[in-house]
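J.: Produce the complete structure using the sequences and hints provided.
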Amino acid sequence: MKRFLIRKIIFLPLTFIGITAILFFIINTLPPQTLASAYSNSEKELTSEELNTIIEKYDLKGNIIKRYLKWLSKIIKGDFGYSQTSKMSVSDSIKKYLPATIELALFSIIPIFLIGNYLGLKAARKKDTLFDKITSFTSSFLYSIPSFIIGIILLFLFYGILGIFTPARYSIETEILISSGFFKQYTGFMIIDSILNLNFRVLLDSIKHLILPSFSIFLGTSAIFIKITRNSTIEEMGKDYVRTLRAKGLDEDYIFKKHIRRNILIPQITVGGLQMIRLLSGVVITEAIFDWPGIGSFGVKAARQLDISGVMGFVIVVSALFIIGNLIIDLLYAYFDPRIKYE
Amino acid sequence: MLECLEEKEIISIKNLSVKYNNFYALKDINLSIKEREVLGVCGESGSGKTTFCKAISGIERYNGEIKFLKKSKIDFIFQDPSSSLNPRMKIYDIIQEPLIVREKIKDKKIINEKINNAILEVGLNSDLLEKYPHQLSGGQKQRVAIARSLVTQPDILICDEITSSLDISVGAQILNLLKDIYQKRKITIIFVSHDISALYYISTDIIILYKGVILEEGKTKDIIKNPKHPYTNILISSILTTTKKENIEIKNNTTKSRCIFSDKCYKYSKDCDNYENQLIDISNDHKVRCIKYEKIFN
Amino acid sequence: MNKIKEIIKKLWQNKKTRFGLIVFSFYLIIAIIAPIIAPPYRENDPYIVKQTGFSAIPQKPSLKSPFGTTQNQYDIFYALVWGTRMIFKITAKVIIISLLIGIILGGVSGYFGGIIDEIIMRFTDIILSIPSLILAIFVIAILGPGIEKVVIAISFVWWPGYARIFRSEILKIKSMDFIKYSQMIGAKTLWIFKKHIIPNAIYNVIILASLDISNIVIIASSLSFLGLGSPPGYSDWGQIISVSRNWIISGLSSIEYSHTVVIPSLFIFFFVFSLNIISETLRDIFDPKLN
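Protein chains in written order, with the numbering used here: chain A, 10 to 352; chain B, 187 to 484; chain C, 613 to 903.
Incorrect hints may have been included.
Said to hold, decoys possible - List of simulated lysine-lysine pairs, DSBU-like, C-alpha gap at most 35 Å: (1) B/Lys294 x C/Lys800; (2) C/Lys761 x B/Lys317; (3) C/Lys761 x B/Lys276; (4) C/Lys800 x B/Lys365; (5) C/Lys792 x B/Lys292; (6) B/Lys317 x B/Lys259; (7) B/Lys205 x C/Lys807; (8) B/Lys294 x C/Lys705; (9) C/Lys786 x A/Lys310; (10) A/Lys104 x C/Lys761; (11) C/Lys792 x B/Lys372; (12) C/Lys672 x B/Lys276; (13) A/Lys136 x C/Lys621; (14) C/Lys784 x B/Lys205; (15) C/Lys627 x B/Lys317; (16) C/Lys786 x B/Lys253; (17) A/Lys142 x C/Lys627; (18) A/Lys136 x C/Lys622; (19) B/Lys220 x C/Lys792; (20) A/Lys136 x C/Lys628; (21) A/Lys236 x C/Lys622; (22) C/Lys705 x C/Lys800; (23) B/Lys276 x C/Lys621; (24) C/Lys786 x B/Lys205; (25) C/Lys621 x B/Lys317; (26) B/Lys407 x B/Lys450; (27) C/Lys615 x B/Lys317; (28) C/Lys628 x A/Lys236; (29) C/Lys615 x B/Lys290; (30) C/Lys705 x C/Lys784; (31) C/Lys628 x B/Lys317; (32) C/Lys672 x B/Lys259.
None of these hints come from the bench; they were simulated from the model.
T.: Below, the structure is given as structure tokens:
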């Protein structure tokens, strides 16, 4: 197992370099003048004189590989440049917006796994009953609806008509609390911070704002997970060892808890991992619909304004998340799959 | 059994060897193939028989010399017709390919004529021409492969296990077809098979390959009726029941001999350790790579 | 071509897929007759959405506007109809471009192998390791917004998938004896590609491409929704949803204005849904043969 993990970990920096290389080379299809604006640290628009200075300083007309390595060394230190969109450095923007995305992602992933697992198991145990049919149909149906449509229908229903939930991450009151300094953001995660600030109201407020977008993500991505849970469980249920255990008189629930649930973990992890892509893309759309101040919103705004350093930071961070996510999946795999464990 | 009376050499093979990474697929092959010979190449998997075919057809790199003593057209028939015929091509187009690629014929009329002749020669009906390979039986597909290989009138035909994927009765038909074709045309055939009875039926000469080395070579009559190498004897014993089987079995010896078969040979003894592994002439084109040949009876 | 007729026949026989086919053709027809059922509002660019008035408040469906209007009186019917045409154009272009690039690069990679194979495969690996929507957003940030740029961005993200499939098909075929035969009789590489490799390898790629259509539609609409596609006031599905959302966010929305949300959503949904139904059955048709 060690070898397996070491191999995977060694590949990480290589993939990262590959991704940054491609992104860098794509960016360099732009003329030096446009690139120069990405290197500036000020808010104002640059005169052609200032542009030329920057072009000279960073040798924007020079050798591309040298420039790439220089730029890469900056990126590794965390220096992504300045973002015109958020009027602060890109790394600061990331620090500001990323926690919101991660909080939303986690708040969505947990229900997907917990509820998805529950529904899948139940559907398998009640195979071919009404429950099973409805669950399967509903989840496939929802999966095939584009995420922006699910989002907008939910937004319309619960905000436009019913007014129960509101978009954005917190209410105006909470915003005032934060900007006036009465609420300290220690981690950037509202749930954790509200506990640390012992502010119950903000906690409720944050959760209330999380519900709609994460529900939207849940509806759009859980189907496959439910399906694989159901199908693997059905497969397991038909296996010989289960029949033996039943014959021995063991309780059905016990068999499920102790045996079947563990054995379906591997396909669940596989499929869960594959769904990550869908989740990451889905988060971008969901943030746009619900006005969620996450890295997705930041990236899209930056793209709209041709804020090169901003978009670059956005893509690199998301790719990094994706690579790390994959690594976690591989680690889980290695932990749960006996074949790899004892390789 | 066929006999070849020609004396003109058509392929001269000297010191042929093919090395993959760290082992020899073929080693020190020396052969003189005569015109209108049907050379049977007998060997099990791993013997190098396919490598031998590839080397002669020019699609495998080799060391040594393969000389064609006159400009010869070579054609090839493969073992599995499901793999050797393009599943998305009509039979007509499959047979047409060598005419276009090799002969560069453009005249539709001539192409039609040649294809029709070819299809009749292999005993198939011309309404098969519009069909696709998956609509044909195994035997029919192999006949199509033969038709394709004959349509440009090749001088040398290489057949690599062409009956091995077919039912025995179908395979027998194919062998008969091949025999007919041979008798009607001036063609040299290299016929590779692990099935020595097929070789008995169709070859004029036989070589026995084992792990890339020729263990025995000679006229079919001599090899079958008078086998000299223990390995050949093992192969023959599977078809002829009249041989006096003297303790024929596959052994597991520890040997220091250069003989490549010594570790499995039932005739192995200490004197084999000194053997230089050269080919020994017995008679009339009959050579064997063994020093125990005197003691084999038939 | 016969194969296509065969496939359509099989799809027709399945009740679910028949529904999908009918719905899909319905949209196809709409796209084709767009100029007739929604006469161009502006002559120089028919995609600019018809505006029926000046009021900032969406109007309910009426005789004048069968689907109603959004804020600022954009006619929803017009936008959806021309948006259908737009999405067909975008999808067709993306598929053609990415198939071409994918087949050429995948073909070279698979047939010739060696270092070229390594380079091309690493390249596809890297592109595939970034979620497609996000990489597409990046490319548009570089190129600037616009429909043509959307086509380029999505094609850039899409071709690696096709290249990989085509390459693996070629690897399977390369080892077949009929390829060896052609090589043996001296056929040129181009001939082998044209007569043997492409007809056998392209099948799976085409299937993959047809299954992909709904994904391309979604990513194209998403990009437009995010404001990275067509300019404001354009007939574009993503934009319609964006406009619809803006009305909800403004706080002025209520059940009165449900037509601004429900009609476009249903319209887009049915298109994607029909494609998905067809894809499901297509996948089933080709699976046994693939094995």
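J.: Determine for every hint whether it applies to the structure shown.
T.: Each hint tested on the structure:
no.: 1; hint: B/Lys294 x C/Lys800; result: holds, 21 Å
no.: 2; hint: C/Lys761 x B/Lys317; result: violated, 47 Å
no.: 3; hint: C/Lys761 x B/Lys276; result: violated, 43 Å
no.: 4; hint: C/Lys800 x B/Lys365; result: holds, 33 Å
no.: 5; hint: C/Lys792 x B/Lys292; result: holds, 23 Å
no.: 6; hint: B/Lys317 x B/Lys259; result: holds, 28 Å
no.: 7; hint: B/Lys205 x C/Lys807; result: holds, 33 Å
no.: 8; hint: B/Lys294 x C/Lys705; result: violated, 39 Å
no.: 9; hint: C/Lys786 x A/Lys310; result: violated, 48 Å
no.: 10; hint: A/Lys104 x C/Lys761; result: holds, 30 Å
no.: 11; hint: C/Lys792 x B/Lys372; result: holds, 25 Å
no.: 12; hint: C/Lys672 x B/Lys276; result: violated, 61 Å
no.: 13; hint: A/Lys136 x C/Lys621; result: holds, 33 Å
no.: 14; hint: C/Lys784 x B/Lys205; result: holds, 25 Å
no.: 15; hint: C/Lys627 x B/Lys317; result: holds, 32 Å
no.: 16; hint: C/Lys786 x B/Lys253; result: holds, 29 Å
no.: 17; hint: A/Lys142 x C/Lys627; result: holds, 18 Å
no.: 18; hint: A/Lys136 x C/Lys622; result: holds, 29 Å
no.: 19; hint: B/Lys220 x C/Lys792; result: holds, 26 Å
no.: 20; hint: A/Lys136 x C/Lys628; result: holds, 22 Å
no.: 21; hint: A/Lys236 x C/Lys622; result: holds, 26 Å
no.: 22; hint: C/Lys705 x C/Lys800; result: holds, 32 Å
no.: 23; hint: B/Lys276 x C/Lys621; result: holds, 23 Å
no.: 24; hint: C/Lys786 x B/Lys205; result: holds, 22 Å
no.: 25; hint: C/Lys621 x B/Lys317; result: holds, 22 Å
no.: 26; hint: B/Lys407 x B/Lys450; result: holds, 26 Å
no.: 27; hint: C/Lys615 x B/Lys317; result: holds, 15 Å
no.: 28; hint: C/Lys628 x A/Lys236; result: holds, 20 Å
no.: 29; hint: C/Lys615 x B/Lys290; result: holds, 31 Å
no.: 30; hint: C/Lys705 x C/Lys784; result: holds, 29 Å
no.: 31; hint: C/Lys628 x B/Lys317; result: holds, 34 Å
no.: 32; hint: C/Lys672 x B/Lys259; result: violated, 81 Å
Going through the hint list in order, the structure does not satisfy hints 2, 3, 8, 9, 12, 32.
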